[in-house]
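A.B. asks: Taken in sequence, the protein lines are chains A and B.
For the first sequence, position 225 (counting from the first letter as 1) is numbered 224 according to numbering that gives the first Met the number 0, and the numbering increases by one without interruption.
For the second sequence, position 135 (counting from the first letter as 1) is numbered 134 according to numbering that gives the first Met the number 0, and the numbering increases by one without interruption.
Hints in this document: simulated from the structure, not taken from any laboratory.
Worth double-checking, as some hints may not be accurate.
As the list makes no split between identical chains, a pair holds if one copy fits it or if it spans any two.
Keeping only pairs whose Cα atoms sit at most 30 Å apart, straight-line, the calculated DSBU-like set for lysine-lysine is [unchecked claim]: (1) Lys167 / Lys57; (2) Lys263 / Lys167; (3) Lys224 / Lys167; (4) Lys57 / Lys312; (5) Lys254 / Lys164; (6) Lys263 / Lys324; (7) Lys189 / Lys329; (8) Lys138 / Lys164; (9) Lys57 / Lys329; (10) Lys57 / Lys252; (11) Lys164 / Lys105; (12) Lys254 / Lys57; (13) Lys263 / Lys189; (14) Lys57 / Lys189.
Since the model is a prediction, treat every value here as computed from it, not as a measurement.
There are 2 protein chains.
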Amino acid sequence: MIRRQILTGGAALGATALSTTLASPAVAQTAPEIRWRMASSFPRSLDTIYGAGDHVAKRVAALTDNKFQIRAFPAGELVPGLQVADAVQNGTVDCAHTASYYFVGKDPTFAFDATVPFGLNTRQMNAWMQHGGGREVLKPFFDSYNIVSIPAGNTGAQMGGWFRKEIKTVADLNGMKMRIAGIAGNVMQKLGVVPQQIAGGDIYPALEKGTVDAAEWIGPYDDEKLGFNRVAPFYYFPGFWEGCLNLSVYINKAKYDELPQLYKDALESACRDATVDSMAKYDVQNPQALRRLIAAGTQLRAFPREVMAAAYKASFELYDELAEKNDHFKRVYDQWRAFRDAEYGWFRVAENSFDQFVYAMYAQEAQQRR
Amino acid sequence: MIRRQILTGGAALGATALSTTLASPAVAQTAPEIRWRMASSFPRSLDTIYGAGDHVAKRVAALTDNKFQIRAFPAGELVPGLQVADAVQNGTVDCAHTASYYFVGKDPTFAFDATVPFGLNTRQMNAWMQHGGGREVLKPFFDSYNIVSIPAGNTGAQMGGWFRKEIKTVADLNGMKMRIAGIAGNVMQKLGVVPQQIAGGDIYPALEKGTVDAAEWIGPYDDEKLGFNRVAPFYYFPGFWEGCLNLSVYINKAKYDELPQLYKDALESACRDATVDSMAKYDVQNPQALRRLIAAGTQLRAFPREVMAAAYKASFELYDELAEKNDHFKRVYDQWRAFRDAEYGWFRVAENSFDQFVYAMYAQEAQQRR
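Extracted from the complex, chain A is given alone in its bound form:
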């Protein structure tokens, strides 16, 4: 705040002294022309998730009268989608749009910036990030990578994915090959699953040929595009490893520090704008896609409670193991866990009881219409 006053103090004075038909030099000083490249981790075909990064770029331009222009590039055009953290860290690109859990191979602490199994839902994640200390507790970690990470987009709770056969007990998971990555893969491994890392575009043939028995991706709208319903009949819910997926704009720290405060503000509001925008898009598209999938024969299945409970236990055992070995992980986890518990204590009251009731009434009405 103090910094902002120093930077713009001159501008305000200058603007007052001059008429509005002649711009003050101070405005030009605080509004230099800047061109950035943004490497997305996503393909352009995913208009929702790629679109969130692109939305940030477009809003920044709109908010700065095109003075600060960010151009988004799909995964692979500047750097491969899973290497954008390196590219931002090294300054090869100015910024990126990604899901932080892609980088848990470097350090599992990255996952908290995106999602962890049985973690926060979208509202709770936004709360943690914006006013719950999340960004602050993650800062020293991201500093060590020369990255400034700003929340920018969310998918909401994801689906559990596509299964070639039904899952009735934990034993059914034993030896099952499933496309699932990162910490979620580690959790599933504790339940007997053989996790597979497969890029989005390669999932369909793997599922078709039976190279994998199951695959998780995102939710109805994105999954439908990749056609998984044609090669696996059972669509499970919920994706208990992704109660939401927070997306992030990564910015090279030195580049970020060079920005005038005006552009930092534009970037911040553009990212929050993208968070509202992308969630709204998903929430409009997913219901329609789910209806189409079901009409085309997809069979919706809830994970058995036994499976969820076993995965829950495995998840928190894993977090304890990771916290013991990794100081960054422990520091973030401790703060996050206390926040999560406080959120759950409140959300299960007004929010969840409202949702539960109206969904039950909806189900009853839908039943009657049949």
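Dock chain B against chain A, hints included.
C.D. replies: Using the frame of chain A, we list chain B on its own:
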């Protein structure tokens, strides 16, 4: 989009032709100095809900290098809180920050812009407004009041309020005087309640003296400030008449149309920013406030299902009655109802099953800790 290109085309050309140390006249043309006054419907003491309007004002200034300044005034300083729609319509003030359901006395259609009983939750409301056709379907209605309404802030699902005695059946509501307004009041009236319209500051003495038997306000954080826990022991949930409360920035249409596109963009992103920001603030503050209230003796109670079901039936009967008499209401209701049903069909799958499971595990763990 076309309009934007026409407006800023000159600016882009000018900026390219000149060096960045001298600002182009075109920038000044698209960035005139503008000062607006915003009349809030809320007192400054409600830092959450008043704060959302104030946040819009501050972000607009930050995004325009203080060229476009909006000054927020608490309810009563410019106009009384419940008269801000008139003030914006007449151009007495440039803009306002309010909850549209305050104006259902003029026309019940206003309610859709805020919330209606058994309506949308926060995510669903954002989806309806931003990509679900909500703003479009409301536009002809707001046009008739010379108002441009932009969503700006949300409270989340509210609590059902403070009751001096327990509610076990619908019969317990008979003759009960409750501070509850608007469409929610009409619904409760169908259940035997005698609804009372009382301003926020007057609720405490009314509840203390027994002039009313019950009063609803917002949620733990705001309710705690007004001290209702000291005069009523039972705190009911959920506020089924407010699955969320969307707040709105009202702008005089002529004033809005005069804004350069740059400022319209700033206003739009500032409002979305406020939506993320205010919801995050509530979601951080409410859990803490609820814990304090319970520690101080407040007894949490869920509304009996019988009461909820009776209110649900009464609500949709009321909507049908209103739709028969009011074309605006009917047009908005028909579109809204189809959207709501589609949302419920999807949200009860991944989103709700995730929430249900983790809250159940939380409750089990909390039980074990005791």
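A.B. asks: Look at each hint and say if it fits the structure.
C.D. replies: Each hint, compared with the structure:
no. : hint            : in the structure
1   : Lys167 / Lys57  : neither (46 Å within a copy, 54 Å between copies)
2   : Lys263 / Lys167 : neither (50 Å within a copy, 54 Å between copies)
3   : Lys224 / Lys167 : within (28 Å within a copy, 50 Å between copies)
4   : Lys57 / Lys312  : neither (43 Å within a copy, 45 Å between copies)
5   : Lys254 / Lys164 : neither (50 Å within a copy, 60 Å between copies)
6   : Lys263 / Lys324 : neither (35 Å within a copy, 50 Å between copies)
7   : Lys189 / Lys329 : within (21 Å within a copy, 54 Å between copies)
8   : Lys138 / Lys164 : neither (43 Å within a copy, 49 Å between copies)
9   : Lys57 / Lys329  : neither (37 Å within a copy, 36 Å between copies)
10  : Lys57 / Lys252  : both (21 Å within a copy, 26 Å between copies)
11  : Lys164 / Lys105 : neither (34 Å within a copy, 57 Å between copies)
12  : Lys254 / Lys57  : both (19 Å within a copy, 25 Å between copies)
13  : Lys263 / Lys189 : neither (43 Å within a copy, 52 Å between copies)
14  : Lys57 / Lys189  : neither (43 Å within a copy, 49 Å between copies)
In summary, the structure is inconsistent with hints 1, 2, 4, 5, 6, 8, 9, 11, 13 and 14 from the numbered list given earlier, while agreeing with the others.
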